[in-house]
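A.B. asks: First to last, the protein sequences are chains A and B.
Start counting the first sequence at -3; every next residue gets the next number (the working numbering).
Start counting the second sequence at -3; every next residue gets the next number (the working numbering).
Keep in mind that the hints were calculated from the coordinates and are not lab data.
Take every hint as true, because none was put in to throw you off.
No distinction is drawn between identical chains; accordingly, a pair holds when it is met within one copy or between any pair of copies.
Taking lysine to aspartate or glutamate pairs in the DMTMM-like style, the calculated list, with each CA pair at most 25 Å apart, reads:
| id | residue 1 | residue 2 |
| --- | --- | --- |
| 1 | K516 | D117 |
| 2 | K582 | D566 |
| 3 | K495 | E451 |
| 4 | K152 | E137 |
All values derive from a computational prediction rather than experimental measurement.
2 protein chains.
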Amino acid sequence: MYRTNTCGELRISDKGKTVTLAGWVQRVRKLGGMTFVDLRDRYGITQLAFDEAKNKELSDQAQKLGREYVIQVTGLVEERASKNSKIPTGDVEIIASELNILNTSDVPPFTIEDETDGGDDLRMKYRYLDLRRNAVRRNLELRNQLTFLVRDFLVKRNFIETETPCLINSTPEGARDFVVPSRMNPGEFYALPQSPQLFKQLLMVAGFDRYFQIVKCFRDEDLRADRQPEFTQIDCEMSFVKQPDVIGLFEELIKYVFSTIKSIDFNEPFLQMTWHDAMRLYGSDKPDMRFGMTFVEITDIVKNRDFNVFNTAAYVGGICAEGCASYSRKDLDALTDFVKRPQVGAAGLVYVKYNADGTFKSSVDKFYNQDDLKAWAEKFNAKPGDLMLILSGSDVQKTQIQLGQLRLEMGDRLGLRDNTKYAPLWVVDFPMFEWDEESSRFKAMHHPFTSPKAEDLQYLESEPGRVRADAYDFVLNGVEVGGGSVRIHDRNLQSRVFKAIGLTEEEANSKFGWLLTAFKYGAPPHAGLAFGLDRMVSLLAGLDSIRDCIAFPKNNAGRDVMISAPSVIDQSQLDELCISLNVPEKDK
Amino acid sequence: MYRTNTCGELRISDKGKTVTLAGWVQRVRKLGGMTFVDLRDRYGITQLAFDEAKNKELSDQAQKLGREYVIQVTGLVEERASKNSKIPTGDVEIIASELNILNTSDVPPFTIEDETDGGDDLRMKYRYLDLRRNAVRRNLELRNQLTFLVRDFLVKRNFIETETPCLINSTPEGARDFVVPSRMNPGEFYALPQSPQLFKQLLMVAGFDRYFQIVKCFRDEDLRADRQPEFTQIDCEMSFVKQPDVIGLFEELIKYVFSTIKSIDFNEPFLQMTWHDAMRLYGSDKPDMRFGMTFVEITDIVKNRDFNVFNTAAYVGGICAEGCASYSRKDLDALTDFVKRPQVGAAGLVYVKYNADGTFKSSVDKFYNQDDLKAWAEKFNAKPGDLMLILSGSDVQKTQIQLGQLRLEMGDRLGLRDNTKYAPLWVVDFPMFEWDEESSRFKAMHHPFTSPKAEDLQYLESEPGRVRADAYDFVLNGVEVGGGSVRIHDRNLQSRVFKAIGLTEEEANSKFGWLLTAFKYGAPPHAGLAFGLDRMVSLLAGLDSIRDCIAFPKNNAGRDVMISAPSVIDQSQLDELCISLNVPEKDK
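Chain A on its own, in the form it takes in the complex (with noise of 0.2 Å):
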């Protein structure tokens, strides 16, 4: 061992004690005679001190000690003349007699500080010296705490963890797959997990009874902030449950991890809400429910006046924002602006302002006398001062959607969106199935192994759009950091419901034969969730990304910049997998 002691360790009481140390060197002073070398590692930072007078030659080499030096340290714990009460070493200092330098550095390219210099670009080059920085550090360390935890609580209530295969099948379903070329199979390929979802169920055919994995999942999409190629899973499956018992009991997990970690106790149960009333007063299947601003629907108060937009549309609804009836002409105009990017769609914004003095102007006056609008503001529930914000449109959900992104624009203007805070919500009773524009048929909504709500099966075949599925996410703070449903368990539903989405009897077989074989050897009824740990773990550090919870990531063209992956390999690799190469020029 190089040292006795870790740099984060050393106190008062330890005084007298001869120690060695070794980690990085964070920083070199000289004064007067003395030079002081904090010395870092993971566990904190003690100072050293090497005194001209006593030891000049040792003194000499202490200054020439560059930034990042790894070195090794024996010495005297001795009081300090004046403490630093902002680290718990602060009290102490090492009066070092010996110095030994196990490494030198370069200059690193950008300061390993808190707050540093480097770009995002140069930190991911260089990721190793970025996690050097404790704050990218303590996430990882979160991360780890947390996985820990969730695999504590999880085994005491007998799941095991059960690794399920890497290599698998493509399947046609859901996003696209990162397929491996078979060597020893040529021309065929395995494929990489999106998710354990059959193997685990297969587990449940097999009385495993409580299955969970933390896991990588593999996602060929193109890239945004928050998705990376291959991400982490906490896959959980149970048998003989019900939807309250899964979400029972995975809550208590959630409050578990937060009362640890974050020494947050949610005393209540969490909030449930359909999809549908998470879509009709906050058009989101996953909203932020750390502020209100619910959605007030005033569709039929506004038709018989000359306002054609307002009486042409299936929806006209708005929030009301408390306090901002002062907004500016620039401030209303930013906020048409936001409804009017493409990526929100909407054509116009209707406002109203209710003054202070009780009289209301409107950017619909022409159309709407005072009275119109004070009824309008008794539905808003808005008082003098509040401003009210209205969106119509001739599709509900699409409106609904765009006054939802008004919502969260709000709430980032108004400062409600508090990283520190945490407002839990369970989303249930999904759609079963959504209308797919392009293939012109209906999609699972979740995946075609979630279970239709018993009491809307008689629909499944006459009207599959309302149809309700035994689904559920987990939402906290407008992001969806968990989902999962009932399953089915058994082999006809499963077929009708292969055949709702469009899959002959053939195609189903082909592609998921497996699964309906395992159904008919007696599968148990069984339902499950998986959170995204990224998500969960970004959430709990307070980050807006999960790129810093994760400690190799990947950027958003799917490239590891540090390693330079991916990269060409050889032609005998490609040979052997009897694969060739067929680059369009413009690619090259």
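Please build the complex by placing chain B on the supplied structure of chain A, with the hints as guidance.
C.D. replies: Okay, now just chain B, sitting in the frame of chain A:
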């Protein structure tokens, strides 16, 4: 919840309670007017009783239950008339009052019993049924218990479990990589990691200090019984430590695992043996220490007779098989055939029987007299009744390896390799390099990031074959369960080692440039180790193969026969990836 209790839970103290159980029908028996059903779940078996006299309809229903039906039963816990002391629930039965068939089952293709009539192929095809068998499920439970213990042990010692990426670069060193075409970077490929070796070293450069990960790794190798294309490692790395620190800590871990899981306490430090001694005494770098039968070399006392085979041999040595002087001609022929098998490759076998009457009978009586053989027997420490088995050859190491295989064969024949006994061993001081005939160059025996021993650095350029490494393997019962090394943390030494294995500076930079760059910024001294989880579980479970420690293993052709992976993918997928197939006619 479909149940109030599990099938392994009820005891005589529960008598009088009304309970609901759910599970699988193990068997149905009719005894007079009574029908008994053994109901099974993961936790055990509980007997259900249906009385025809009390409820004819329910009793009739029970009689019609098929094997592996999934049912839910409500009833009263009663004391059994004839108790079954073999199962924990054997004192009670449930007097059923309600029966609900949750799912039917076809007759399973093999019996769900500890001893099944299903062959390997059938079991793998219906793995979800195979996993219902206690014998298989228990291995997976053991695996879960082991990983939980390991995590608990390491996290308590400040190790941070950190996920390293699964989509990395193909590296030409080592075994063959699985590769993954990148859609977003046409013509380029990710590779799946054979181990997180370089990433864990970067985590040490990052100051993570103590890292571990239980992680899937991938190797595209031709498979053998104990190899899988995807396997799991317990992967660890530590900074500021030396070889004894790593060995000490992980020996503690192994002892903790054995004490907790097997109630076996190793009170002494594990034996450590140099690689050289392991080869000299056991002809293996992973000797099975459950029995002795160490080699005796007699090269120098067999010369100067007319036996040319020995006269020209570089090595003559053997083992002494206690009490085997009575071996018949047939036994000895079988052993001769064994050593002459191509997998062993010896030219022949010399035997010397030390008869009970003190005389000797050997296959070389023509060349050696009784005094000669007596001198050999003294060297072998043989007693009357023993059998000496001797091999010779021109290549010392090859002959030792052949003799090592004979030793294991004798161990098997004499029942000395008992699966319930555990003999741990650290093999240390491995050679740094081994000569690769094929490429006519030295290659790293562990990997090129292993640190040569300080005292052997002087031979790095002049006599690479003489350089030993700070590398160590953990061997249990003749199986290499773990291995690791002190790593190089000095950029210059790393360059010298790359050069020794024939990598030019340019090649080294193109392949490992990012590692060499990382070493410029203050890499600490570090060392690590990885255990093969699959092998560790199989040893703890007393199994010969790793297959049944894996929930969904692949067969020797790398196929998952249950889901039939790998498989062909759509042309559209190939097109998106800019690759085309090139399968020779014969492989189609």
